[in-house]
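Student: With the hints as constraints, model all of the structure from the sequences given.
Heads up: the sequence shown begins at 7 in this note's numbering, then just goes up one per residue.
You can trust all of the hints, since none of them are fake.
Straight-line C-alpha distance at most 20 angstroms; calculated EDC-like pairs for lysine to aspartate or glutamate:
hint	residue 1	residue 2
1	33	95
2	138	127
3	159	48
4	33	48
5	83	104
6	170	183
7	12	139
8	160	48
9	130	141
10	173	183
11	191	175
12	40	149
13	111	141
14	111	128
15	33	61
16	160	95
17	83	141
18	159	95
19	33	46
20	137	122
21	79	54
22	45	95
23	111	122
24	119	139
25	191	179
26	92	46
27	73	47
Label-pair ranges, simulated between beta-carbon atoms:
hint	residue 1	residue 2	range
28	71	157	23 to 33 angstroms
29	135	19	17 to 27 angstroms
30	71	156	17 to 27 angstroms
31	37	159	12 to 22 angstroms
32	12	182	32 to 42 angstroms
Simulated from the structure, these hints should not be mistaken for lab results. Glycine included, every Cβ here is placed at the ideal spot set by N, Cα and C.
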Amino acid sequence: MKNDLKKCVSYHGHMCGGLLIGYRAAKAAMRFIKSNFSKDEELVAIVENSSCFVDAVSVITGCTFGKGNLIFKDYGKMAMSLLNRKNGEGVRVYFRSEIYADSHKEFPTLMNKVLEGTASEEEKKLFNKIKKERERNLLIKKDNEIFSIKRVKKPLPPRARIFKSIKCDICQEMVMETRLKKTKKGMVCIECMGK
Numbered sequence: 007m008k009n010d011l012k013k014c015v016s017y018h019g020h021m022c023g024g025l026l027i028g029y030r031a032a033k034a035a036m037r038f039i040k041s042n043f044s045k046d047e048e049l050v051a052i053v054e055n056s057s058c059f060v061d062a063v064s065v066i067t068g069c070t071f072g073k074g075n076l077i078f079k080d081y082g083k084m085a086m087s088l089l090n091r092k093n094g095e096g097v098r099v100y101f102r103s104e105i106y107a108d109s110h111k112e113f114p115t116l117m118n119k120v121l122e123g124t125a126s127e128e129e130k131k132l133f134n135k136i137k138k139e140r141e142r143n144l145l146i147k148k149d150n151e152i153f154s155i156k157r158v159k160k161p162l163p164p165r166a167r168i169f170k171s172i173k174c175d176i177c178q179e180m181v182m183e184t185r186l187k188k189t190k191k192g193m194v195c196i197e198c199m200g201k
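Tutor: Okay, here's the thing in structure tokens:
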């Protein structure tokens with residue numbers, strides 16, 4: 007296992023298909039736009055799901071929520087865009103999940119049974135066999151066999167900013183000013199707006 011993949015597994019806590027897809031997608035994106043790890047905000051990653059995939063993207067690219075250069079779009083796709091602030095280069099990498107569509111149709115059901123603790127010993131063995139086979143394929147296939155990789159031009163978000171904290175007039179907790187809404191009850195946080 008390569009050192010950068012070991013870092014992904016260590017950060018995420020275990021090896022799984024989603025992590026491997028994110029790892030491969032991030033590596034492919036970095037190669038495509040000829041970029042290095044983002045120590046500050048040189049790169050911006052836009053991820054289209056909130057799965058294990060994202061942990062590998064963060065580890066490989068250096069894009070994090072804390073630095074403000076990891077953006078989440080809830081599209082439910084195993085895809086990411088990587089943008090380089092220095093040269094304007096951008097790429098979108100989409101995992102072609104249809105490569106698994108016809109093989110091992112029982113895998114999602116098996117995985118849910120394993121996660122719920124209801125799988126038999128035979129089902130656990132089959133799940134682990136398929137899981138290992140998928141992970142192996144994800145490691146050995148070429149980028150163009152598992153991904154659609156396209157150059158993109160997207161507007162770059164502004165660099166991260168620090169905002170004032172203001173007290174919510176309902177819960178009395180301090181909230182980033184951009185997350186408060188003016189209401190008849192005063193300045194209210196998103197959580198209190200939903201109550």
